[in-house]
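Asks: One-letter residues, chain by chain:
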Amino acid sequence: MFQESTITIAIQALEKTYKIGNDKITVLRDINLQIPQASFVVLRGPSGSGKTTLLNLISGIDKPSKGKIFVAGVDLTEQDEDSLSDFRCLHVGFVFQAYNLVSTLTVAENIAFPMEWIRKSSNEIENKVKELLRMVGLENRANHFPAQLSGGEQQRVAFARALSNDPELILADEPTGNLDVKNAEKIIQVLQFLKTRGKTIIVSTHDMQIQQLADQILCLDEGKLANSDG
Amino acid sequence: MVRANFAANDLLRRRLQTSLTIATLMLSVASTLFLLLFSNRLGVGIASTSGTFTLGLTALLGQFILFVGVLIFVVGAVLTSFVVFLMMTQRTRDFGLIKAAGCPNSLVAGYFMTELLTVAFVGCALGIILGFLGDLAVTKIVFSTYQMPTLWFGPLVFATFFVLAIFFGLQPLLKASKMSPIQASSPVDYYGLTMENTQRVLSKSRLTWSVASRSLIRRQSATFRIVILLSIVFILLTISVAGVLLLRTQQNHGLKIRLTVKQLWLPTVAWKISIDYYYQNLLVIKIRAILTILTQILPFQEQSLVS
Chain A
0 MFQESTITIA IQALEKTYKI GNDKITVLRD INLQIPQASF VVLRGPSGSG
50 KTTLLNLISG IDKPSKGKIF VAGVDLTEQD EDSLSDFRCL HVGFVFQAYN
100 LVSTLTVAEN IAFPMEWIRK SSNEIENKVK ELLRMVGLEN RANHFPAQLS
150 GGEQQRVAFA RALSNDPELI LADEPTGNLD VKNAEKIIQV LQFLKTRGKT
200 IIVSTHDMQI QQLADQILCL DEGKLANSDG
Chain B
0 MVRANFAAND LLRRRLQTSL TIATLMLSVA STLFLLLFSN RLGVGIASTS
50 GTFTLGLTAL LGQFILFVGV LIFVVGAVLT SFVVFLMMTQ RTRDFGLIKA
100 AGCPNSLVAG YFMTELLTVA FVGCALGIIL GFLGDLAVTK IVFSTYQMPT
150 LWFGPLVFAT FFVLAIFFGL QPLLKASKMS PIQASSPVDY YGLTMENTQR
200 VLSKSRLTWS VASRSLIRRQ SATFRIVILL SIVFILLTIS VAGVLLLRTQ
250 QNHGLKIRLT VKQLWLPTVA WKISIDYYYQ NLLVIKIRAI LTILTQILPF
300 QEQSLVS
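Residue numbers (numbering that gives the first Met the number 0), protein chains in the order written: chain A, 0 to 229; chain B, 0 to 306.
Rather than coming from a laboratory, the hints here were simulated on the basis of the structure. These numbers come from a predicted model, not from an experiment. Just so it is clear, CB atoms sit at the ideal spot from N, CA and C, and this is done for glycine as well. Take these hints with a grain of salt, some might be off.
Straight-line Cα separation of at most 27 Å, DSS-like style, residue types lysine-lysine; simulated pairs [stated by the list, open to error]: (1) 65/A / 223/A; (2) 67/A / 177/B; (3) 18/A / 185/A; (4) 174/B / 62/A; (5) 65/A / 174/B.
Derived Cβ-Cβ restraints for the label pairs, each shown as a range [claimed, not checked]: (6) 207/A / 227/B: 52 to 58 Å; (7) 69/B / 17/A: 45 to 51 Å; (8) 21/A / 165/B: 36 to 42 Å; (9) 227/B / 150/A: 32 to 38 Å; (10) 205/B / 150/A: 38 to 44 Å; (11) 231/B / 19/A: 39 to 45 Å; (12) 231/B / 207/A: 56 to 62 Å; (13) 69/B / 67/A: 54 to 60 Å; (14) 211/A / 18/B: 50 to 56 Å; (15) 177/A / 227/B: 35 to 41 Å; (16) 136/A / 77/B: 50 to 56 Å; (17) 146/A / 69/B: 45 to 51 Å.
Pulled a few chain A residues facing chain B out of the computed Cβ check, cut under 8 Å [claimed, not checked]: (18) 62; (19) 66; (20) 81; (21) 87; (22) 88; (23) 115; (24) 160.
Please construct the entire structure, taking both the sequences and the accompanying hints into account.
Replies: Below you can see the structure in the form of structure tokens.
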């Protein structure tokens with residue numbers, strides 16, 4: 000259904016409204032944008048401007064109230080929950096702000112977990128886990144549980160997990176938001192590496208160093224796309 | 000070899016939650032089976048000595064045993080359903096998080112279904128074994144001879160509780176599988192609690208209830224401790240009811256069914272006193288009423304007549 004080589008994102012008249020009690024809160028309104036393949040896009044804006052919601056909608060984790068989202072020509076708003084799950088499994092690597100690691104699995108198992116979803120062989124999984132652990136510099140923490148890691152280490156595990164199925168689209172929600180300078184530096188190195196590999200990357204961040212990597216910077220303000228620099 | 004083996008690892012590494020759920024299930028199944036087996040033995044015992052009873056009393060006691068059996072069965076079933084439902088509802092957030100990370104819907108449902116089946120099967124199976132062992136132990140202590148129990152009670156109780164556990168455990172799973180990952184992992188919809196449709200000031204009692212109910216279902220370990228306490232109360236209730244029945248049977252066997260004439264009069268006397276109390280409502284009447292009841296009960300052991 001989705002063709003990896005043509006990952007391009009097109010968003011048309013997107014709107015997202017949450018209903019809380021009798022109140023309606025519009026988080027995103029009238030968003031129109033195009034993200035070309037293999038581009039590095041930074042989303043910035045004040046807290047509550049809708050950055051996380053936009054990332055959630057692009058990944059198919061959430062559904063819009065109005066509008067269309069096309070990824071590789073396929074309209075995500077027309078897909079059912081099963082198709083969206085498959086889409087995320089095969090094509091998207093999402094790095095959550097709160098890491099969302101499985102607390103009962105070790106670091107290595109957390110990274111191996113998504114590869115089991117697409118039934119990779121044990122050898123393949125083992126080699127990939129080693130490669131990813133080396134990439135994020137956590138070879139010596141393979142058998143530790145998330146609760147035994149620092150925030151920066153958990154964020155790096157989240158990156159490794161997001162990359163385990165080699166997705167074409169990588170979404171990262173404030174990946175350096177909770178980290179110190181040293182740990183943030185390691186995350187930026189990973190992002191630089193992914194950029195050289197030709198991945199389509201969308202990062203929501205306030206980090207100036209990450210913004211320097213961007214091909215396109217999108218500014219959100221009160222749910223609207225304020226301006227875009229590229 | 001690196002493999003996540005989520006269902007197995009998750010069950011084994013959530014030791015406290017898994018063992019508490021299995022223990023509660025096991026105790027519910029075991030006490031239900033034990034009481035069914037034991038009341039069946041007592042029922043048979045009463046039937047065999049019914050020649051010395053009046054027909055009405057035999058029927059009354061038989062109905063009482065049946066009532067206790069049904070009551071214990073219902074309490075056990077409700078407890079089992081509640082525990083399994085709670086266990087799986089608490090996994091809604093995990094369901095959402097794993098799905099958000101990219102796990103296909105069917106696969107993540109499969110992981111939690113495996114956990115549910117394992118816990119339900121192990122809990123029910125251990126409960127059946129414990130129920131039969133309890134029956135064996137109590138029967139050997141109470142009666143000198145041991146007769147094989149009615150074996151078909153085992154599969155009946157197992158099947159009932161297993162089906163109940165799966166049915167009630169599946170409800171939160173099905174609900175979570177239909178939710179988007181954001182909804183499933185949202186604190187607003189967490190554990191099925193949704194926000195009020197209208198925002199209004201809550202009354203004092205409503206606020207107390209709201210705070211209490213939310214704390215109850217969000218504090219996982221505390222809730223499970225309460226469930227365990229409930230189970231213990233349930234077990235104690237079972238044992239005490241069984242004990243009372245046992246005492247009665249022992250007396251019946253040992254004293255060749257002793258029944259006091261006064262004991263049979265007791266309901267009539269109580270009725271008369273309540274009528275008197277209704278019309279006169281005096282302190283003297285109250286005292287007399289208490290003394291009359293005490294005189295009916297206290298000499299029960301000494302003044303009993305052999306029928």
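Asks: The structure should be examined with respect to each hint, and the outcome stated for every one.
Replies: Now for the hints, and whether the structure bears them out:
{"no.": "1", "hint": "65/A / 223/A", "result": "holds (14 Å)"}
{"no.": "2", "hint": "67/A / 177/B", "result": "holds (21 Å)"}
{"no.": "3", "hint": "18/A / 185/A", "result": "violated (39 Å)"}
{"no.": "4", "hint": "174/B / 62/A", "result": "holds (17 Å)"}
{"no.": "5", "hint": "65/A / 174/B", "result": "holds (24 Å)"}
{"no.": "6", "hint": "207/A / 227/B: 52 to 58 Å", "result": "holds (54 Å)"}
{"no.": "7", "hint": "69/B / 17/A: 45 to 51 Å", "result": "holds (48 Å)"}
{"no.": "8", "hint": "21/A / 165/B: 36 to 42 Å", "result": "holds (39 Å)"}
{"no.": "9", "hint": "227/B / 150/A: 32 to 38 Å", "result": "holds (35 Å)"}
{"no.": "10", "hint": "205/B / 150/A: 38 to 44 Å", "result": "holds (40 Å)"}
{"no.": "11", "hint": "231/B / 19/A: 39 to 45 Å", "result": "holds (41 Å)"}
{"no.": "12", "hint": "231/B / 207/A: 56 to 62 Å", "result": "holds (60 Å)"}
{"no.": "13", "hint": "69/B / 67/A: 54 to 60 Å", "result": "holds (58 Å)"}
{"no.": "14", "hint": "211/A / 18/B: 50 to 56 Å", "result": "holds (52 Å)"}
{"no.": "15", "hint": "177/A / 227/B: 35 to 41 Å", "result": "holds (37 Å)"}
{"no.": "16", "hint": "136/A / 77/B: 50 to 56 Å", "result": "holds (53 Å)"}
{"no.": "17", "hint": "146/A / 69/B: 45 to 51 Å", "result": "holds (46 Å)"}
{"no.": "18", "hint": "62", "result": "holds (6 Å)"}
{"no.": "19", "hint": "66", "result": "violated (16 Å)"}
{"no.": "20", "hint": "81", "result": "holds (5 Å)"}
{"no.": "21", "hint": "87", "result": "holds (4 Å)"}
{"no.": "22", "hint": "88", "result": "holds (4 Å)"}
{"no.": "23", "hint": "115", "result": "holds (6 Å)"}
{"no.": "24", "hint": "160", "result": "holds (7 Å)"}
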